[in-house]
Amino acid sequence: MAMIVKFWGVRGSIPTTAQWARVFGGNTPCVEVRCDDAVFICDAGTGIRELGRDLARRSPAPKAAHLFLSHLHLDHIQGLPFFLAAVPDLRVHVYGVSDDDTSRQRLLSGELGAEFFPQNSSVPRASLTFDHLEEDARNVSGVRVKSFPLQHPGGCHGFSFECDGRKVVYASDVDLEAGLAGAKERTATSDLMTLRPVPRALLNAARGADLLIVDGQYNDTQYRAHMGSGHSSCLTATDLAIQADVKSLALFHHDPDDRDSDVETKVKLCLARTAKLGADLPIFAAREGMALKL
Amino acid sequence: MAETSSHRRSEATVPTLIVAARRERDVRPHRLQQIEGTGAPRLVPLDREEFVMGRDEAANIRINSPRASRRHAFIRRHEEGFELLDNESRNGVLLNGLKVYSAVLRDGDVVQVADGVFVYHES
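Those protein sequences? They're chains A and B, same order as listed. Quick note on numbering: the first sequence equals residues -6 to 287 in the numbering used here. Quick note on numbering: the second sequence equals residues 90 to 212 in the numbering used here.
Simulated from the structure, these hints should not be mistaken for lab results. One thing to keep in mind: the hints can contain errors.
What the hints assert, rightly or not - Heads up, simulated DMTMM-like pairs for lysine to aspartate or glutamate below, C-alpha to C-alpha not over 20 angstroms straight-line: (1) A:K286 to A:D29; (2) A:K240 to A:E25; (3) A:K261 to B:D198; (4) A:K56 to A:D124; (5) A:K269 to A:E257; (6) A:K286 to B:E172; (7) A:K269 to A:D213; (8) B:K188 to A:D203; (9) A:K286 to A:D30; (10) B:K188 to A:E25; (11) A:K286 to B:E177; (12) A:K139 to A:E25; (13) A:K261 to A:D213; (14) A:K286 to A:D157; (15) A:K56 to A:D30; (16) A:K139 to A:E128; (17) B:K188 to A:D273; (18) A:K177 to A:D213; (19) A:K56 to A:E25; (20) A:K139 to A:D124; (21) B:K188 to A:E257.
Please put together the full structure from these sequences, using the hints given.
As structure tokens, this is what we get:
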């Protein structure tokens, strides 16, 4: 069973249409994970609109999709109304992370209301079904899906998807140093020989993944200037990937002020760190419109 | 009076010039420039909807290498330009050194299919 991962939106916080962000793209988070015919979607940022248009063009068109929202901050849900209009025949299953988690249902019902989005009852749109994981995990269409908590203001979850011996882990919007003593000092030194501590839940979830998609919004200097905003230094993300022994790392949730050249510089920094640490780890920046086959 | 008239004429031509320049840019085909591998150097204007890259003699962009599959990859027109798609090839395709299944191409991207290395140029 082939697993295909496609990036539809990789930018954090707010979409950018700037020409200088064109290579990596300006849409906010949306990643598609496909296992044969089963379609899983991580987050519904503005990138999901183009995914909807693409699903509508596929033959045969999928009848269902499984939507996992990391959290409900605007940049992770703002594309949903446009997506639903693009795929009127689709049944979209939206998952809470536990059986008593109704936050998604409550908030999305509001987002899809007339106050926030123009309503036209004559225009069909996809139906939403609210579902949930059971004790943080569930088999969905033959794929083992697990959730795990991430350190981000207001709460956030990451997800792992496993099928046929392949595993992809999605961990957008996380401050890998949150709650760990000495973060400011660690990110202020150019110590390339000591791996930084990382959250255990995420480390365990990511262990052995074929692909880890993780928040690498900042470099160390940016991180120190934005501590508490819930995002990570790309260098700490690299250390997580090394410790979790993943096969490849995608830096994700690019800063809205980062030019393409800034994103490329971050990748180079991370590759330099892996080289110093003697790790053999492919690292790249997630890029809109790019798909990988695991 | 004459100066004002001349000034008005000049202003009126600016939008026309812009439209003409943009039209010229839009119709100029994007290109793949082969910089390494058998067949290099060559310049392939992307002037059709789809190109087949591979070892097959009928491939639009032939790559004469035992590491290339017969119909290894496609370059297909996309609403933002062109898209690179691996055709379930044995050795895969690289975009800027990363093995990808598909990708929308951007100016300056380096595409590698077997021994053939290409640079994608937007118009």
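Next item on the list: Mind listing which of the numbered hints don't hold for this structure, in increasing order?
Entry: none
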